[in-house]
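*Asks:* Each chain, letter by letter, is given below.
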Amino acid sequence: MTLYAVTFYVLAAIVVLSTLLAIIQRQVIHAVVYLIVSFFATGLLFYLLGAPFLAALEVIIYAGAIMVLFLFIVMTVRAESGEDKGEIYQWLPAVILGIISLFVGGVLIFEIPGSKTGLSTGMATPSAFGQFLFKNYWFPVEIASFLLLIGLVGALYLGRRESRKGSEDRR
Amino acid sequence: MLLEWILGFVFLIVKLTIVLIILLTVAAYLVWVERKLLGRIQARYGPNRAGEFGLLQPLADLVKLITKEDTVPQEANKGIFLLAPGVVGLMALLIFAVVPFGSGVTLWGRSIPLVITDLNVGLLFILALSSISVYGIALGGWASNSKYSLLGGIRGAAQMISYEVPMGLSLVPVVMLARSFSLVEITNAQSARPFIFVQPVSFILFLIAALAEIKRIPFDLPEAENELGAGYHTEYSGMRFGLFFLGEYITMIILGSLIAVFFLGGWHGPLLPPIIWFLLKVGIIVFTLIWFRATFPRIRYDQLMNTGWKVLIPIALLNIVVTGALVLGTS
Amino acid sequence: MGTIKNLAEGITALLKGLATTLKILSRKPVTEQYPEYRRPLPARSRAVIVLTRDPDGEERCVACYLCSAVCPVSCISMQSAEREDGRRYPRWFRINFARCIYCGLCEEACPTLAIQLTPNFETSGRDILKLVYEKEDLLVNHGGKNNEYNFYKRAGVAMVGDKGTQINEDKPVDLKSNLP
Amino acid sequence: MPKLKIDGLEIEVERGTKVIEAAARLGIIIPRFCFHPGLGPVGACRVCAVKFEEGPVKGVQMSCMTDAQDGMVVSTTDEEAADFRKHVIEWLMMNHPHDCPVCDEGGHCLLQDLTVAGGHGIRRYLGKKRTYNDQYLGVFVQHEMNRCIQCWRCRRFYQEFAGYRDLGALQIAHHTYFGRATDGQLESPFSGNIIDICPTGVYTDKPSRFTGRRWDFERGPSLCIHCSLGCHIITSARYREMTRLEARFSESVNGYFICDRGRYGFYYTNHPERPRRARIRTEEVSLDQAIQTAAQKIIQINQKNGPKAIACLGSARSCVENQAMLIRFCRVQGWNEPTYFETPTMAKKVKRAVARLDEQLAVSMREIEKADFILAVGADPVNEAPMLALAMRQAFRNEATIVVIDPRPVFLPFEFEHLPVAPDDLEPCLTALIKGAVHRSAAEKMGEEALRFYDTAPAEYPDAPIKNRMVKITQKLRQSRYPVIICGTSIVRETTPDVAADSALLLRAARGRAGLFYLMSEANTFGAALLSSEEGSVMDVVESIEKGSVKGLMLVESDPFRSFPDYERLKQAVDKLDLFLVMDYLPSFAARLAHLFFPTQTLFEMETSFVNQEGRVQFATSAYRGGIPISQISAGGHPLRVFRRDIPGGESQPAWQILAKLANIISLPGREMFSLSKNELWSWIAKEYPIFANVPIADELPDDVRVHLAQGREKLFPSGGQIRSGGLSRENSTLELVMGDWTFGTEELSTYSKYLQQVEKEPCLFMSPKDASMLGLKDRERITLPLDKGRLEMELRIVDTMAPGVIVMPKHRQLAWQKIEKWPVKVAMGQIRK
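Protein chains in written order, with my numbering: chain A, 1 to 171; chain B, 1001 to 1331; chain C, 2001 to 2180; chain D, 3001 to 3834.
Some hints here could point you the wrong way.
Covered stretches of chain C (chain B as the covering partner; in silico rule of three or more C-beta atoms under 8 Å from a C-beta of chain B) [as the list claims (entries may be wrong)]:
1. 2068–2074
2. 2095–2108
Sample of chain C residues at the chain D side, in silico, Cβ under 7 Å [what the hints assert, rightly or not]:
3. Pro-2040
4. Cys-2064
5. Tyr-2065
6. Ser-2080
7. Arg-2083
8. Asp-2085
9. Trp-2092
10. Thr-2123
11. Gly-2125
12. Lys-2130
13. Leu-2131
14. Val-2157
15. Glu-2169
16. Pro-2172
17. Lys-2176
The calculated BS3-like cross-link candidates involving lysine-lysine, where the alpha carbons are at most 30 Å apart (straight line), are [stated by the list, open to error]:
18. D/Lys-3206 with C/Lys-2153
19. C/Lys-2176 with D/Lys-3206
20. C/Lys-2153 with D/Lys-3661
21. D/Lys-3687 with C/Lys-2171
22. C/Lys-2163 with D/Lys-3661
23. C/Lys-2171 with D/Lys-3128
24. D/Lys-3661 with C/Lys-2145
25. D/Lys-3086 with D/Lys-3051
26. C/Lys-2176 with D/Lys-3129
27. C/Lys-2171 with D/Lys-3129
28. B/Lys-1310 with C/Lys-2130
29. D/Lys-3576 with D/Lys-3770
30. D/Lys-3086 with C/Lys-2171
31. D/Lys-3128 with C/Lys-2145
32. C/Lys-2176 with B/Lys-1310
33. D/Lys-3661 with D/Lys-3308
34. D/Lys-3351 with D/Lys-3826
35. D/Lys-3206 with C/Lys-2135
36. C/Lys-2163 with D/Lys-3129
37. D/Lys-3051 with C/Lys-2163
38. C/Lys-2153 with D/Lys-3051
39. C/Lys-2163 with D/Lys-3308
40. D/Lys-3770 with D/Lys-3789
FYI, nobody ran anything at the bench for these hints, they're computed from the structure.
For each residue, glycine too, the CB sits at the ideal point set by N, CA and C.
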């Protein structure tokens, strides 16, 4: 086992564990913190697999922006953790689904021959990544950005209506 | 092969240690410099009791901070409360890993680059880490279980994610011109002409956004003493407060370095050795930051948000489009 | 057009501010260096409290409780008592300087000029109990701001002399005679 | 009823009301120095001037001298009147010295207040001031005559209200002097009141001289427990020390004044030897530890000797709460009921008195002032309950006839008829008077028993001199419209309270209105009699100890060594005990002997209630938290500079709380648990004793409530047919020893006061001239008096105002009189020697 493999497995374990912890934490803030750790480790995994740009994006966007918004909301509404311990049957579907996916994962790893073949790690430099994305997938990218634009305009519109109704202050 | 690897590793450790020690010392003395400068700007002496000219003041501060009682408020979320200052300090230190402070020296036949690691996505790395350091503030504020801290934390989170966008966008033209995310590459791209002359708009945008990002006056709303006590670190004491403090001053140095690297041509300069040039540029920027602090009043929260979203981002976007067009046109 | 004008004005204002601070940077500080240079304080400045004595060398304080009553932070406490010769005096008198705000109201309330504030302000220490002064610590050997005043010469009680012998007093009424 | 208008407010008052009082009723307090509601107007100070705008009087007039009349329109704020008042104060202040800082009145001085209120801040008069020499007025009152503003209040109280002559006005005009002819202790036992009423600092409280200012004191309404009257007082405490006590106005009990025993008797609270810590034998332990030990001991004795092997003694000086909790404690444990009285006789007398007092007959001291004929039987007011003497004096001033039937040499500060008869003859003498004044038809109307009572009463008293004097008295009684009978309970016989009550009933039937007023021995004697159901006494307990059936004794604020007649016997009995448990706040003899001692709180440290002798439940708040006074801890120097959480000596707790804690530890499973809440205790009292049901205990300081055993439940005229004819059966060879009280020196609590100890007189034996001449003894000779268990030595006083055949002696602190086997004591004449 190379240093490379060790790093991979450690990171993978961190991702799985912290995600699991994020799910089972009762304190919302703690869940958020574990999720951040998970994203951070995922970013490192990307880096390990030769995609530094993706790694950076993962951290910036998921850990740095989306989770901050989560945190922001949790802090402002001050969601308290429920004191009551959940009934066991609430966990049942999750447990069943988890067992099934573990089983499928096992089958996937040990039985499907594709998992045995070596995978070459290509260094996805930012420019290569950009070239690839905008040359092959310019249309989906444009559609996605258009959707985002619509979302942005919509949010702006809703926000404006809200503030106009309010009062005279010109913020 | 193995020897080579071990040697490289040893060099790395030595380099890390030297940089870390210098960085911490400089950060500590930066406190002294700032207090001294602020004092003089207000026609006072500033610290002048501990040692000649108060030069031992940082040491005294350190002793004080370490020996002070480390209090944790009742009902505070203890784990997160203890973790938060660490996040701030660590992220600040990590950013410095990709900052090049010289062109590289040759020692015992080995060429040693004067950067801890020349990451190919160095710029993104910086952005990523600065976005992570939001957590130190937000979580610290939340975990203190104090209304001042919470308000400080919320303000900090909102301010930092708002200004991350213009900060990132203002750097896009730089990347376009340098055609690389690597900080060394960007520095080298300015060997002839620093980007400040090519991209003055970018420079001003970055300066403003970065000031807001490191929460210095006039953007120190998360700590606003007269409204929030000390904002997110109201409840911290002793060395935990010291970590917040340290983080702030390291980020000042980092901001100086980044502006030097992105806009002032890094270590490039005539006559003087590169490292001196670099330090000079950093020093000028840091002085400017202190000068700003001595001059400008804190801006209002709505003004902060309006400036960020309605002024800086559109200008940054416009700047990207114009730069892009020019770059396409010239190539 | 207005926006550009505003912008220009704003930028000039910022630059002006920066220029001002830069100018002051070169100025000599106005601070006086305290332990090296002790500024002479006026006699009426308010710091450590003392208990003075009257011209006869007796303690002036009669423990009338007015200072403790007027003290806004309740830092003065005492117990009055009667000396063998009938003089009213504080059996103990305590000022908690850790609490005192040096407002000077006690001095103003004092009818016998006993309690006075002095310009001596250097009392800091490490033990808070050392800031609690007892009568022995407070008593001085002089009359403070007014050396002449003697309360008992004007009070009308027989203390520093018999009835009718003090300032502005008639001889005592003779009970045995009906003459006016 | 005149109707007038003061400052635009209309009010209707009784005829004869002064304008100043009418204004006070509206809440307008017109400035005054000489006027005092207890003393009335005199018009000496001129500071109550108001403007009469309309009506029969016009212009600026003294509101205290003007009767309220119809149609008056009065302005108190009129400029002319205000200016007048302002000048009056300036004149009064002309000679007033500038000695407020060394004057104890400063801070609650009427003159100071009005000077400030009048705006007279700076003296304009620069001439010489008039001075006076001061006098020594004794232990209680400090004199500083320079301060006088000639309001005459002191003289009017001292001479007119209280009836003593030694303090008064001397000199004339501008030189008027208030004092005594020569220096010396004031004779009146009410002298302290001149301190209260003096509007400035001429008379100040000597024991509390220079101890503090009014604003520094912790003050609270409380009760005086130095006799059974229960006067209302205000306490002042500072630095954990009770420093001063003043009279509190009470409409129906003491009015505006109190006696010196009440005013200066409280020093037992600060007594330097007062036990403040729990003790096991001589070892000081924590209260909890002592309670644990006591519980173990009690359980041991209970298991070994049964529940009846522990006896409890309460006391009549304890509050209702303590007495009730002790009873509850004993009932829950299954013990015998606690005992409150020394002898079975005393228990019976008090219980009869309590049983006979009902709503219609019982009178308060204010009502006594309105009586026109007062008949005191076996009562010595100045010595037993001084304030009663003042109330009787007010009746005298209203031209009432006052008759005292008592063997002792009774002194009262007014003219009265004294019929000195032996204790056995009190009842015949009383009933003879009643029979002479009441027609038989009145008794007939009241039924058979009344008639029997009337018929058995002797028609006349056999002794000729007294019989002759009774003729005039009977005539007066026949003319009276409101007679009141005052009956003592100390020296009288068992049946006397009943006879007094029956006589009062008869008088009421004949005169239409009559009152009955019992005097009792201690502050809560009435409460003890109401609460305790058995008629046991200390005597019975001592007998049980001697027999060996009682192994443990628990004393709750009781010191039988003081009151039990046979000291030696009691001491031997106590020595036999397995467990001797004492709860008290006094350094009493019993406390010193205790195997287990618990410190309790005095009335000033807890919220309590007492029932006075007319059945009035009265309440007291706690003045301060308790603990060793700072002055005692620091030995006069400055307070110690130590930080501690607890109060030094602050372990004392109300006795009833200690009892509750003890009970909760002893209690077997299934038994009732006691709560430490006062309200819970009171609800128990109300449940067990329905007459307490309407006591408003939830209030912070409830108003007084009178409780009386319901009328009609008692058989009336039980004394019918039992009255002896009296006078004739006296043996000539023996003298009866009567032990009475003195104002100072006999009441238990006040004997611990160092100031009262200074004024108490040497104990002496009183004898009538007839007996003395038979024995050949002279006045002021030292004699020896033989008693059952030894002899006493003291001075002899021959007084002609006492009954022959009787010798009188005080139960004095300085006298070891507890050498008596049994009451009543007969002393063989020949054995009294020089």
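*Asks:* Would you check chain B against the stretch 2068–2074 of chain C, counting CB to CB pairs closer than 8 Å, and say if three or more residues qualify?
*Replies:* The restraint on the stretch 2068–2074 of chain C is violated, since only 0 of its residues have a Cβ under 8 Å from chain B and three are required.
*Asks:* Between D/Lys-3687 and C/Lys-2171, does the CA-CA distance stay at or below 30 Å?
*Replies:* 71 Å, violated
*Asks:* So, as I understand it, the hint says C/Val-2157 touches chain D; can you test that by seeing if any CB pair is closer than 7 Å?
*Replies:* 5 Å, holds
*Asks:* Between D/Lys-3351 and D/Lys-3826, does the CA-CA distance stay at or below 30 Å?
*Replies:* OK: D/Lys-3351 and D/Lys-3826 at ~26 Å, within 30 Å.
*Asks:* Next item in the hint list is C/Leu-2131. Is there a CB on chain D closer than 7 Å to its CB?
*Replies:* 11 Å, violated
*Asks:* Verify the interface restraint on C/Lys-2130: the C-beta must sit less than 7 Å from at least one C-beta of chain D.
*Replies:* 10 Å, violated
*Asks:* Could you grab the alpha-carbon distance between C/Lys-2176 and D/Lys-3129 and see if it respects the 30 Å cut-off?
*Replies:* 20 Å, holds
*Asks:* Between C/Lys-2176 and D/Lys-3206, is the straight-line Cα distance small enough, at 30 Å or below?
*Replies:* Within the cut-off at roughly 27 Å; holds.
*Asks:* For a C-alpha distance cap of 30 Å, please report whether D/Lys-3206 and C/Lys-2135 respect it.
*Replies:* 25 Å, holds
*Asks:* Taken at face value, is the distance from the CA of D/Lys-3308 to the CA of C/Lys-2163 at most 30 Å?
*Replies:* 71 Å, violated
*Asks:* Holds or violated: is the Cβ of C/Lys-2176 closer than 7 Å to a Cβ in chain D?
*Replies:* Result: violated, 9 Å to nearest chain D Cβ.
*Asks:* Taken at face value, is the distance from the CA of C/Lys-2145 to the CA of D/Lys-3128 at most 30 Å?
*Replies:* 28 Å, holds
Hint compliance for this structure: hints 1, 2, 3, 7, 8, 10, 11, 12, 13, 17, 20, 21, 22, 24, 28, 29, 32, 37, 38 and 39 are not met, and every other hint is.
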